[in-house]
Amino acid sequence: MSEAKRLHPAAIIFNLIKTIREFLFAIILGFITFRDESLLYFILILAGLVVIFITSSVLTWYRYTYRVEDDELRIEYGVFIRKKRYISKNRIQSIDLTSGVIHRIFKLTKVQIETAGSGTDAEASLSAVKLAEGEALRQELKSRSLESAGDDEFADETAETSNPSSTIRFKRLFLAGTTSGSIGVIMALAATAFSQVEQFIPEQFYESSVQWLIGLGIIIIAVMTIVGLLLLWLFGIAGTIIKYGNFTITGNEHELFITRGLLEKKQVTIPLKRIQAVGIQESIIRQPLGFVTVYAEVAGGSMRKGEDFSSILFPIMKRDEVEDFLQTFLPAYAGLQRELRPLPKRARKFYIMRSSILFLLATVAVGIFFPSFIWAPLVLLAGSVFLGWLRHKDGGFRVQGRRLTIRHRLFSRNTIMIFHKRIQAFEEKQHKVQKLQRLETMRLSIVGTMGAGTHFTMKDLEESHTDELSDWYSHRSQ
Amino acid sequence: MRQPPINRIAPDAIKAWKISAAIAEGMLWLITIALFVVAFIFEFSYWFGAVAVLISGMTTLFFVFLLPKLRWRRWRYEVFEQEIYIQHGILIVSRTLVPMIRVQHVDTKQGPILKKYNLASVEISTAATTHEIPALLEEDASELRDRISALARVDEDDV
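Those sequence lines, one after another, are chains P and F. At position 364 of the first sequence the residue is numbered 364 (the UniProt record's numbering), and the sequence of numbers has no breaks. At position 144 of the second sequence the residue is numbered 144 (the UniProt record's numbering), and the sequence of numbers has no breaks.
These aren't lab readings, by the way, just hints derived from the structure by calculation. Each hint can be trusted.
Okay, derived cross-link-like pairs now, DSSO-like style, lysine-lysine, Cα gap no bigger than 30 Å in a straight line:
#, chain 1, residue 1, chain 2, residue 2
1, P, LYS83, P, LYS142
2, P, LYS435, F, LYS18
3, P, LYS83, P, LYS5
4, F, LYS69, P, LYS432
5, P, LYS142, P, LYS273
6, P, LYS107, P, LYS5
7, P, LYS142, P, LYS89
8, P, LYS18, P, LYS84
9, P, LYS435, F, LYS69
10, F, LYS69, F, LYS116
11, F, LYS69, P, LYS429
12, P, LYS432, F, LYS15
13, P, LYS393, P, LYS345
14, P, LYS429, F, LYS18
15, F, LYS18, P, LYS432
16, P, LYS265, P, LYS142
17, P, LYS349, P, LYS459
18, F, LYS69, P, LYS459
19, P, LYS429, F, LYS109
20, P, LYS421, P, LYS273
21, P, LYS171, P, LYS266
22, P, LYS130, P, LYS84
23, P, LYS429, F, LYS15
24, P, LYS266, P, LYS5
In isolation and in its complexed conformation, chain P is listed as follows (with noise of 0.2 Å):
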């Protein structure tokens, strides 16, 4: 793949589609102006712009050539002010390739490279290539010992391959689309909703025919409501059926391979060495059911806008089949321990405390001023005392050799394992009721995305628990 290689034309109407978009409120504010008088120079101009935009793409398209030489990817590109950039292959970091609709329609696919650097943007990104070229071109900048990694099932899902390779089943993704995060707030909305129709029914009930008319109105807001609730959760499941359609991931001993989406295919590529903590979460929906999701935090690299700050691994499973997913695709980090050290009894008042002094005061003030409304802030109250005692009692920690494992809720409950070697730095701090009671709280940071830290904090240690984990940390002491 010596010869320099033009993206496939398609590639200008993307061009094309991102011109306009960098001059749509330019435009909007021309025809907003010259709505009235000269609409006829407005289109006039318009027609030229739009013949420049064109010409524009196509010289774009034209000029941009890439080709893979002396083990770099090499890119020219520029109209007026020619621009090249290679790229050298052991540099890179990580390829994606993600497919949208456009792109499916033509077999295409995006190639996005990047390197180790923290722009918000990829290193370099070939709008359009043909997804055969974007397989090829993936197999040939993978550089060192991974040429042989078996990874074409982007291309042929059928292909066999020796590496381990997980997809989620269709009842499965369902099940995760109606236990998504959106459900609860609608479930809490639909119960706000009800009280309410409950206070108001009987009361129109009684009137006159005409209040009851009202009431039926009000019937009928309450139906429409609930069906609105109803469609929002619906959306809520196609989303996700949309988003994590299809996920597959694939593993090697380097890299860890996701494919996703029904309409937009993606295809993510994890290096194994810049996962800095692996989490599993169960959602307060979820748990009781014993569903989870697994995912990782990757350092730096681009963020794209709508991308989560952490990788889904798999975005829903069993959990006890949690172990088995880490002994295939993680081995370092198998072996999940599930008795963990817990927090003191004496951290529980300051957990509750915590969780619920604002609806506390919210219930005192509702009692004082609408001393009939007092259970809205009371059930609210009483909520929170169970999360507050609930964060207490799912707090914990273990160390394993290297390992840690911490245990926090803040909704969900997230356990956490870390590498000694992935902590960038601990801290212990103590406020003056935390020393009377001899509590601590731990903070760790790791590497997140974008060069920005990702802190763990664990509140109300016991303290000679933190002291032993600073010592596990102190390099001091090895």
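Take the given structure of chain P and dock chain F to it, following the hints.
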């Protein structure tokens, strides 16, 4: 908690902090005076001014005369061959361990107030966090910077 670090920061830090706090308080006093002027011109109630005097006075007492000393008393650091150990915080005491092999770069910084007392701060950055040791003697700060950067040069396989 374990043993605190042994090194204190320069005693002149108290003076430097007092000056910067005094500047901020000066702004507050200006506002207070402005309130009185406005009250005088527009025949406003002097109550607002009185409250402002009270607030300014109390914050001045606290931030200029009390806090710097307390802060200085708590601030400790120690640089080992393998890691940096920092303690700070008045109400919430925080102790941080930063391993040398995680240090990405070290800076020294000096503003006009610190310069007046020949002080400088050292800022230590890892890939995820930044830590500052404020107000060391200039020589100490540059010596510390060089030492940390030399110790941090030990490389490890990856991030």
